[in-house]
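Student: Going down the list, the protein sequences come from chains A and B. In terms of full-length UniProt numbering, the first sequence opens at residue 1 and continues consecutively. In terms of full-length UniProt numbering, the second sequence opens at residue 1 and continues consecutively.
Keep in mind that the hints are not guaranteed to be accurate.
[What the hints assert, rightly or not] Covered, in the sense of this in silico footprint (three residues per stretch, anywhere, with C-beta under 8 Å from a C-beta of chain A), are these stretches of chain B: (1) 116-124; (2) 191-198.
[What the hints assert, rightly or not] Sample of chain B residues facing chain A (criterion: CB under 8 Å; computed from the structure): (3) L11; (4) P15; (5) P16; (6) A31; (7) G57; (8) V151.
Just so you know, the hints here were simulated from the structure itself, not pulled from any lab data. For each residue, glycine too, the CB sits at the ideal point set by N, CA and C.
The residues making up each chain are set out below.
Protein chains: 2
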Amino acid sequence: MSEGKILSRILAALPPSRAIVGPGDDAAVLAMPDGRVVATTDTLVHGPDFRLAWTSGFDLGWKSAVVNLSDVAAMGAAPTALLVALAMPEQTAMSFIEEFAAGLRAACDSVAPGCAVEGGDLTVSDTLTVAVTALGSLQGQPPVLRSGARVGDVVAVAGTLGAAGRGLALLFDRFRDAEGAPCAVDLTSLSDAEAADLSAQLRPNPPVSLGPVAAAAGATAMMDVSDGLVLDASRMAEASGVSVSIQSDSLGLDASSALTGGEDHALLATFAHGSELPEGFRAIGVVCARASSPVLVDGAAFTGRGGWDPYNDWDATRG
Amino acid sequence: MSEGKILSRILAALPPSRAIVGPGDDAAVLAMPDGRVVATTDTLVHGPDFRLAWTSGFDLGWKSAVVNLSDVAAMGAAPTALLVALAMPEQTAMSFIEEFAAGLRAACDSVAPGCAVEGGDLTVSDTLTVAVTALGSLQGQPPVLRSGARVGDVVAVAGTLGAAGRGLALLFDRFRDAEGAPCAVDLTSLSDAEAADLSAQLRPNPPVSLGPVAAAAGATAMMDVSDGLVLDASRMAEASGVSVSIQSDSLGLDASSALTGGEDHALLATFAHGSELPEGFRAIGVVCARASSPVLVDGAAFTGRGGWDPYNDWDATRG
């Protein structure tokens, strides 16, 4: 099939353009009424980031959208457009591509209504790869940086922590064949809690709409928790020149997963002491003066593993 | 090496940020003073789009930037920012990555001064892949679409036509080993003209600054010539509901390459009859009423091959 034919099938499955100039010209033109644009890009690569035995076309479209939408939200902005670059093996089925487009659409409609795919690129690759750029609008508000946390602020999160990491462990532990290669997921073998964890991994549902809400409520710092709470909180602490002190009893029954599990795309934010947290956020700790460690858990430096680094953590032989 | 260490080395080699919020947070924030942003994305994949035996890290950085900068220019806009997603094999040398960053920087400094890399993403992949998004500003002017060509307009181009295609043919014809695999380029074996063609392929130099110039001069339609003049002119003709009539004697000594060779990233534009062409543009034909074919060459429908489609043209076994 030619690129033109594939594109027309994809465009038919995508949300309708809202741009000044949408797909089909050399570039899109988008309104940014407050004179600024928020922009971020994130890539999913077959192998380290997903496996086709575990991830459907729909899942891939969904996840490649939401991991970027979440980064826009973490600045306090509302996502308005995606640009989607899809590089895929020549033998990729048209049905897979259409499912992928449907996943993009469902993710936009669900977590960022009004956001549409306004541009993209198709190419051939031996390795299925999706690179998405998300653009957003701050709607007149200042961006919320990770560097703004102040001593005394309340540390809060919105969204799940730990579930996506447990979901990944489920895939590795239960859905590989005798040689360690990924194999199809048997949903009937999962408890309700396990199914929820798997869904958090394959089709995460980050609280994108709460990004602008937190900004409007005066969040002093905010970021997306993509690599695990401890690792991301330490980045916020480093950027702000403070330490973040977390109470593990605020993290639910599985505090260990909540501290180190990645890919939940929760929002981590700080708010001035005494301010009312916006609905959807829950307090998990406080910002304190720079201590021996950027993150303290129950008052002590945290020494467990701190999140996901594909350069050190991905082992191609593992499955 | 960790992602953080690689990133710090890359950032040191990049042009300085000009953004409200540059690299290092969840997303960049860029000023768009006229309330609009131009956005485009294009991907280069090892195999169909480049070969490491032929393309240095610097070349890859350069080309991945300019193919996107050219798309921004083709809307009549000035590029202001790049987001660069780099997916690479684990064994990729740090020196290659630093050369890649130097190529990005040199391309911005050379063809779009003031444009900087304001965000990006690093991940591991079996297939070296670069997905770049370019953002730009229309500086108060309306975008120049490919759909605006009107009967009687002069058809003009800025930049080279055919050289990049001849450069690609040189690589395939002269720099493959007995098994057909790409091998190192021996520059001393090339004539000056051949070296220029090779440079047009590996390190294209599109007339990015002429995009806004053409817009200011009243270009009625404009697009980037990336897939060959005939194919791209036919796209402009289809979008505008007209035909484009090209005089082959305006295309230099090698009209055949100029008509079908891809990847030059020249600008194809139309201007009202009788208007003075901006410096850098040369007339190659006229817009006429819709004829039997969207593109006429010397008055006849063009029947030669019309450009590059990776879905049909890339043969992995070819080298």
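Student: So, for every hint listed, does it hold in this structure?
Tutor: Evaluation of the provided hints:
no., hint, verdict
1, 116-124, "holds (count 6)"
2, 191-198, "violated (count 0)"
3, L11, "violated, 15 Å"
4, P15, "violated, 16 Å"
5, P16, "violated, 17 Å"
6, A31, "holds, 6 Å"
7, G57, "violated, 18 Å"
8, V151, "violated, 21 Å"
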